[in-house]
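Undergrad: Use the sequences and the hints to build the structure in full.
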Amino acid sequence: KNEVEQSPQNLTAQEGEFITINCSYSVGISALHWLQQHPGGGIVSLFMLSSGKKKHGRLIATINIQEKHSSLHITASHPRDSAVYICAVSPGGADGLTFGKGTHLIIQP
Amino acid sequence: NAGVMQNPRHLVRRRGQEARLRCSPMKGHSHVYWYRQLPEEGLKFMVYLQKENIIDESGMPKERFSAEFPKEGPSILRIQQVVRGDSAAYFCASSPRTARDEKLFFGSGTQLSVL
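Residue numbers (our numbering), protein chains in the order written: chain A, 1006 to 1114; chain B, 62 to 176.
It is possible that part of the hints are untrue.
Distance condition first, Cα-Cα at most 27 Å in a straight line; then the derived DSS-like pairs of lysine-lysine [stated by the list, open to error]:
1. 1058(A) / 164(B)
2. 164(B) / 1073(A)
3. 112(B) / 1059(A)
These are computed hints drawn from the structure, not numbers from a lab.
This structure is a prediction, so every number in the text was calculated from the model and none was measured.
TA: Dropping the structure here:
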């Protein structure tokens, strides 16, 4: 069974700070997803990665397959980035995602 | 192109009643996933369907829960004889390919409350 660990669990930062959220998993995967869940509950898929690095606006996601680790970075953070960020992995040969518990991010003005 | 549509947004049922949750995937998406988020817990995979077929139901409780994705119409998650422990947010996601190959698009969820 794949375990997905995220850190930190909670993070409060000031507007403009560079944010890093980490995700580690225990067994081989075919893909890793980063999701954003807003206080209203809606979930948005930010990235799907199987190798390397992806960038979209102020968000950057990286993955190291050998070390079984991924990071999500937010540059020039803004209060509207406040949300729960969830890492999820797609185990090799299976289709159901396994989720981390999420990182609660609060960006203060 | 409308997003993934789930209804109802909120559903209240008494213990022993049936709950039916609906999910219309994005146009052109034939892969549908159902996830459950219990209070103060993370998301958990329940079932993965393609049109008319259940591909993986390893996350679904063996009793009282069933899912379908007919050739025409939305995907339905059905919970019979609901109990208080079924109270949760149920999310549907769709994709043109599998979650191994493609980002998922999520609906807004159905909040089920069992009295």
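Undergrad: All hints are to be evaluated individually against the structure, with a verdict given for each.
TA: Here is how each hint holds up against the structure:
At most 27 Å may separate the alpha-carbon atoms for a hinted pair to count; residue 1058(A) and residue 164(B) meet this at roughly 15 Å. Only pairs whose Cα atoms come within 27 Å are accepted, and residue 164(B) paired with residue 1073(A) is accepted, the gap being roughly 20 Å. A C-alpha spacing of about 31 Å is found between residue 112(B) and residue 1059(A), which places the hinted pair above 27 Å, so the restraint is violated.
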